[in-house]
Amino acid sequence: QKEVEQDPGPLSVPEGAIVSLNCTYSNSAFQYFMWYRQYSRKGPELLMYTYSSGNKEDGRFTAQVDKSSKYISLFIRDSQPSDSATYLCAMSHDSGGGADGLTFGKGTHLIIQP
Amino acid sequence: DGGITQSPKYLFRKEGQNVTLSCEQNLNHDAMYWYRQDPGQGLRLIYYSQIVNDFQKGDIAEGYSVSREKKESFPLTVTSAQKNPTAFYLCASSIFGQQYFGAGTRLSVL
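Sequence lines, in order, name chains A and B.
Its first residue numbered 1254, the first sequence is counted upward by one per residue in our numbering.
Its first residue numbered 158, the second sequence is counted upward by one per residue in our numbering.
Do not take every clue at face value.
Claimed, not checked - Subject to a maximum C-alpha distance of 20 angstroms in a straight line, what follows is the list of computed EDC-like cross-link-like pairs (lysine to aspartate or glutamate): (1) A:Lys1295 with A:Asp1336; (2) B:Lys214 with A:Asp1347; (3) B:Lys228 with B:Asp195; (4) A:Lys1295 with B:Glu219; (5) B:Lys240 with B:Glu226; (6) A:Lys1309 with A:Asp1319; (7) B:Lys227 with B:Asp187; (8) A:Lys1295 with B:Asp187; (9) A:Lys1320 with A:Glu1268; (10) B:Lys228 with B:Asp187; (11) B:Lys166 with A:Glu1298.
Simulated from the structure, these hints should not be mistaken for laboratory data.
Please take these sequences and the hints and turn them into a complete structure.
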């Protein structure tokens, strides 16, 4: 069983829709959870960083963590064509940015149709 | 501008050749990382360094080597022992639990 599972998509939604992206994981030691956005042929950009269970909101983005279900989500409200990208979830068990590196999902390719 | 600079953007390797990818950061971060990304795959950790003159192997270190002589610099050498080097290579640094990435180097085999 892979440590982090993420549906690769593509996920195609109309502009203005609410987007839900998800990851499941198996390692209960993960405490820190991140979402990155990666445009084609570019480096990943950190979008959200959360610790343990709960919600965090930043503008149109909301990150949710449910440690009991080992399930994390990223919601995008009022989606825009510029949100079209690959979204990677990542997690670690320590606070040092993953002292031994982060564990990534494979990424979900999101397409927002104008 | 603060950030992580990777060079070159594109690199070609001939059979039996070693090539070195550059990563420089001016963010004053202690920790630095190298990841490899293949199409449809997540990022996989090659090497990481928490402090100058110290580094550790990641999940896929075979065929790669690194050095960390300065806090700002963490170059990655892809050796001839790496039989499948074609990939997108990403360098990152971290502070307060958050990792930040460079723009990447795309390596291809001639």
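Is A:Lys1320 within 20 angstroms of A:Glu1268, Cα to Cα?
violated (31 angstroms)
Pairwise hint evaluation, A:Glu1298 against B:Lys166, where the allowed Cα distance is 20 angstroms at most
holds (17 angstroms)
Between A:Lys1295 and B:Glu219, does the CA-CA distance stay at or below 20 angstroms?
violated (25 angstroms)
Check whether the Cα positions of B:Lys214 and A:Asp1347 lie no farther apart than 20 angstroms.
Answer holds: B:Lys214 to A:Asp1347 is near 18 angstroms, not above 20 angstroms.
Within 20 angstroms, alpha carbon to alpha carbon, are B:Lys228 and B:Asp187?
Distance ~7 angstroms between B:Lys228 and B:Asp187 Cα, so the pair holds.
Regarding the pair A:Lys1295 and B:Asp187, is the alpha-carbon distance no greater than 20 angstroms?
Violated - the C-alpha atoms of B:Asp187 and A:Lys1295 are around 23 angstroms apart, more than 20 angstroms.
Below or equal to 20 angstroms on CA atoms is what counts here, so check B:Lys227 against B:Asp187.
holds (10 angstroms)
Hinted pair A:Lys1295 and A:Asp1336, Cα distance within 20 angstroms:
holds (14 angstroms)
Does the alpha-carbon distance linking A:Lys1309 and A:Asp1319 stay inside the 20 angstroms limit?
holds (12 angstroms)
Does B:Asp195 sit within 20 angstroms of B:Lys228, going by the straight-line distance between their CA atoms?
Roughly 28 angstroms between the alpha carbons, so the hint for B:Lys228 and B:Asp195 is violated.
Tell me if the straight-line CA distance from B:Lys240 to B:Glu226 falls inside 20 angstroms.
Status violated; Cα separation ~27 angstroms.
Violated hints, listed in ascending order, are 3, 4, 5, 8 and 9; each of the other numbered hints is respected by the structure.
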